[in-house]
Amino acid sequence: MSRVLVGVKRVIDYAVKVRVKPDHSGVVTDGVKHSMNPFCEIAVEEAVKLKEKKLFKEVVAVSCGPAQATETIRTALAMGCDRGIHVEVTGKDYESLGPLQVSKIFAALAKKEEASLVILGKQAIDDDCNQTGQMTAALLDWPQGTFASEVEIEGDKVKVVREIDGGLETIKINMPAVVTADLRLNTPRYATLPNIMKAKKKKIANMKPADLGVDIVSRLEVLRVDEPPTRLAGVKVETVDDLVAKLKESGTI
Amino acid sequence: RGGLLVPCCYGAASFCSVVIDCCVNVGILSYFILFCFQAECFPYPEISNEELEEINSFVAPVEKFFAEDVDSKRIDHEAKIPPETLNGLKELGLFGIQVPEEYGGLGLSNTMYARLGEIISLDGSIAVTLAAHQAIGLKGLLIAGSEEQKAKYLPKLASGEHVAAFCLTEPGSGSDAASIQTKASLSEDGKTYLLNGSKIWISNGGFADVMTVFARTEVVGEDGVKKDKISAFIVERAFGGVTSGKPEDKLGIRGSNTCEVSFDNCPVPVENVIGEVGGGFKVAMNILNSGRFSMGSAGAGMIKKLIEMTAEYAGSRRQFGKHLSEFGMIQEKFAVMAQNAFVMESMAYLTAGMMDRPGLSDCSLEAAMVKVFSSEGGWVCVSEALQVLGGLGYTKNYPYERYLRDCRILLIFEGTNEILRMYIALTGLQYAGKVKMKKGNVGVVSEMLGKRLGEMFGRSRDLGLTGTDGVVHPALAVRTQSIMDEQLILKRVADILINLYAMTAVLSRSSRSISIGLRNHDHEVLLANTFCTDAFFKNNYWMTQLQKNSLENQDENIKKIARQVLEKRSYICSHPLDRTF
Chain A
1 MSRVLVGVKR VIDYAVKVRV KPDHSGVVTD GVKHSMNPFC EIAVEEAVKL
51 KEKKLFKEVV AVSCGPAQAT ETIRTALAMG CDRGIHVEVT GKDYESLGPL
101 QVSKIFAALA KKEEASLVIL GKQAIDDDCN QTGQMTAALL DWPQGTFASE
151 VEIEGDKVKV VREIDGGLET IKINMPAVVT ADLRLNTPRY ATLPNIMKAK
201 KKKIANMKPA DLGVDIVSRL EVLRVDEPPT RLAGVKVETV DDLVAKLKES
251 GTI
Chain B
1 RGGLLVPCCY GAASFCSVVI DCCVNVGILS YFILFCFQAE CFPYPEISNE
51 ELEEINSFVA PVEKFFAEDV DSKRIDHEAK IPPETLNGLK ELGLFGIQVP
101 EEYGGLGLSN TMYARLGEII SLDGSIAVTL AAHQAIGLKG LLIAGSEEQK
151 AKYLPKLASG EHVAAFCLTE PGSGSDAASI QTKASLSEDG KTYLLNGSKI
201 WISNGGFADV MTVFARTEVV GEDGVKKDKI SAFIVERAFG GVTSGKPEDK
251 LGIRGSNTCE VSFDNCPVPV ENVIGEVGGG FKVAMNILNS GRFSMGSAGA
301 GMIKKLIEMT AEYAGSRRQF GKHLSEFGMI QEKFAVMAQN AFVMESMAYL
351 TAGMMDRPGL SDCSLEAAMV KVFSSEGGWV CVSEALQVLG GLGYTKNYPY
401 ERYLRDCRIL LIFEGTNEIL RMYIALTGLQ YAGKVKMKKG NVGVVSEMLG
451 KRLGEMFGRS RDLGLTGTDG VVHPALAVRT QSIMDEQLIL KRVADILINL
501 YAMTAVLSRS SRSISIGLRN HDHEVLLANT FCTDAFFKNN YWMTQLQKNS
551 LENQDENIKK IARQVLEKRS YICSHPLDRT F
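These protein sequence lines are chains A and B, in that order. Each residue of the first sequence is one higher than the one before, counting from 1 in UniProt numbering. Each residue of the second sequence is one higher than the one before, counting from 1 in UniProt numbering.
Honestly, the hints are just simulated from the structure, not real lab data. Treat the hints with care, as some may be off.
[Unchecked claim] Computed list of lysine-lysine pairs in DSS-like fashion (alpha-carbon distance at most 30 Å, straight line):
{"no.": "1", "chain 1": "B", "residue 1": "64", "chain 2": "A", "residue 2": "33"}
{"no.": "2", "chain 1": "B", "residue 1": "191", "chain 2": "A", "residue 2": "203"}
{"no.": "3", "chain 1": "B", "residue 1": "90", "chain 2": "A", "residue 2": "53"}
{"no.": "4", "chain 1": "A", "residue 1": "53", "chain 2": "B", "residue 2": "156"}
{"no.": "5", "chain 1": "B", "residue 1": "226", "chain 2": "B", "residue 2": "191"}
{"no.": "6", "chain 1": "B", "residue 1": "568", "chain 2": "A", "residue 2": "51"}
{"no.": "7", "chain 1": "B", "residue 1": "304", "chain 2": "A", "residue 2": "202"}
{"no.": "8", "chain 1": "B", "residue 1": "304", "chain 2": "A", "residue 2": "17"}
[Claimed, not checked] Label pairs and their computed distance ranges (CB to CB):
{"no.": "9", "chain 1": "A", "residue 1": "200", "chain 2": "B", "residue 2": "359", "range": "40 to 50 Å"}
{"no.": "10", "chain 1": "A", "residue 1": "15", "chain 2": "B", "residue 2": "565", "range": "46 to 56 Å"}
{"no.": "11", "chain 1": "A", "residue 1": "200", "chain 2": "B", "residue 2": "416", "range": "50 to 60 Å"}
{"no.": "12", "chain 1": "B", "residue 1": "520", "chain 2": "A", "residue 2": "113", "range": "42 to 52 Å"}
[Claimed, not checked] Now the stretches of chain A that chain B is said to cover, found in silico as 3 or more residues with beta-carbon under 8 Å:
{"no.": "13", "segment": "67–76"}
{"no.": "14", "segment": "94–107"}
C-beta atoms are modelled at their ideal positions from N, C-alpha and C, and glycine is treated no differently.
Modelling step: build the complete structure from the supplied sequences, incorporating the hints.
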């Protein structure tokens with residue numbers, strides 16, 4: 001009962017200038033630099049820290065996607081996870097893979113691996129869904145501590161300090177539970193080169209969603225992807241009266 | 001020789017015509033016969049998929065570290081690398097890239113080292129600090145050290161707990177390394193050497209814990225004659241008697257520590273001799289030769305980054321109603337940068353790949369060619385990039401001036417480009433003429449080279465030789481006495497050879513790209529074609545200059561001008577405004 005499951009997603013690197021495909025079906029991913037979702041890095045860091053505090057025995061990194069997803073798992077292993085699971089999803093299935101299907105996969109794995117804790121990033125920087133953690137908890141009927149900026153294990157319960165609009169909220173939930181990591185939870189360590197080399201010896205198991213009895217058919221269809229409208233230049237005004245007049249003109253007030 | 005045929009075997013018809021075109025014009029086939037490159041340059045070296053995945057997984061954290069945790073501006077301004085940054089580099093494992101795993105290092109190949117060098121070169125001071133530590137500082141242990149020496153010193157060097165330095169240069173011995181005067185005298189009981197002397201320009205000299213030091217030791221020759229020959233020693237600062245001067249205030253790589261290191265009766269145990277007593281000079285040359293090739297990938301990495309930054313600017317800045325990128329002279333600069341990066345990369349990885357091949361003995365000639373091309377190409381490209389930004393590029397608000405200052409050193413250290421050109425030319429001629437290099441023979445061989453090259457081109461050349469092949473015209477023999485005359489000839493030979501190697505690398509690489517269908521391979525063909533055509537014309541010009549009485553050869557005049565100026569140690573013309581009446 002001493003196992004943590006961490007989800008890691010391979011996304012377009014945060015520094016890349018994203019471009020929409022000419023057919024507006026999505027964004028250009030071919031030949032573009034990818035890396036681990038920053039919130040997933042924070043999740044991995046937290047899981048590894050908990051293991052280093054001897055609160056858990058094993059940390060398992062999971063990623064759903066095509067062959068390249070193993071690179072992301074390897075990074076998680078280099079950061080300190082013990083083993084990895086690659087749930088292979090390719091082609092059209094991968095393009096339509098969303099939070100609902102991923103959370104079904106995670107729910108199945110959490111049960112199979114008998115995990116006490118599932119830690120995910122609060123959202124992915126490519127789709128900004130912010131749903132996978134919540135859905136996973138719901139499918140498992142487990143409590144959830146989302147937007148965590150602090151996590152503390154107290155016996156068989158987890159104390160989570162959550163970042164919410166009004167400030168900070170502290171809750172205590174029973175394990176097994178799902179936690180999603182927010183920005184200030186920790187500062188992820190670098191995967192050092194010696195650790196990357198050691199991680200080569202760690203195992204990554206390969207499986208398909210069908211092996212877990214999960215149906216990954218999507219109920220959503222992306223109709224069109226567009227770039228945000230170009231920002232128009234603003235207008236400078238001299239006085240407050242001018243400002244009020246302009247605002248009235250545009251119908252804002 | 002197979003050199004020309006192999007690219008055709010790849011079967012890409014359009015490329016074949018390009019290659020044949022270039023080769024026929026350039027006479028590459030003849031050069032191959034003449035030159036005898038060390039190993040096959042075709043096909044372009046490849047690494048396994050597993051190795052590629054591994055190197056890509058290494059690149060990511062290093063890039064991240066340099067993007068987020070390295071403040072190059074601050075390092076340059078304070079002339080110091082902050083301890084946190086150094087620690088980060090140590091933890092990443094960057095202090096033991098080529099140290100074998102059994103001693104705590106990463107045990108990476110030359111190819112992988114070159115790949116990481118592309119990222120590390122983003123900060124010149126860090127690049128030089130790491131290179132001084134592992135490319136030369138501890139390299140002696142790797143290539144010539146005993147098992148005991150390796151086991152004793154490598155683990156702490158690999159982790160960065162100890163930092164290494166390479167101590168060869170002295171105030172009176174820079175390029176002329178064989179003339180060093182630091183002495184190591186054996187104690188009476190034969191157990192310790194006492195080291196006495198001073199070294200200058202030592203990178204990491206201020207804080208290195210373990211140094212490879214070169215000094216003269218008394219050796220009894222086979223003939224019973226006592227000689228002072230150079231030996232290599234592992235010297236720990238902890239032995240005592242080691243003092244470091246204050247850090248030099250440099251133009252560039254200001255964060256890299258460079259200073260004098262003095263040895264005053266420093267006791268060095270005899271077990272710390274690297275290799276044989278008296279065999280130190282060879283060790284020194286092998287160390288320096290083994291690290292040189294990585295300057296190619298380091299330079300390429302820097303230029304690629306510059307292209308990105310500069311293109312952003314050229315694509316947004318408008319003058320005369322157009323973006324800068326629409327103007328021809330600006331476009332030319334990008335073409336120059338792209339070609340240079342392409343050539344540097346191709347040469348560096350070709351050389352690294354050859355060095356990684358088992359059984360290959362020595363790629364020092366190729367590495368020297370990479371170094372000369374990359375240092376000068378880098379200097380030109382940084383200057384052009386700065387020019388695109390105009391006044392902005394000249395300010396400290398932008399990194400261009402720092403890149404410019406940092407890369408000026410590349411033409412100086414690791415063997416000045418002048419020395420390396422001599423080495424390239426003499427070694428190349430040695431292969432070509434199969435003539436043992438002695439003073440004065442240079443003229444003979446260069447003439448033979450010129451004649452053979454001329455024959456290959458299908459044109460006859462008047463080389464002023466009378467008599468049979470190998471018999472030197474008396475006037476020619478006299479002419480070759482002065483070293484300066486020889487140098488100007490050798491310089492051209494070296495430049496031709498460097499261009500040849502560059503063209504080979506570029507053709508080899510792009511032929512592979514086509515055959516396996518790499519993304520944007522047609523752009524590669526374009527770069528290759530453009531570079532080769534340009535290099536061909538330059539080679540042709542230099543070849544023409546090599547002719548003894550050619551109009552293009554101004555060596556006599558150059559020699560005369562220099563002599564007159566150096567005699568008076570100043571510019572000797574009367575002032576244009578002077579009168580005689």
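**Message:** Please list, smallest to largest, the hint numbers that this structure does not respect.
**Reply:** Violated: hints 2, 6, 7, 9, 11 and 14.
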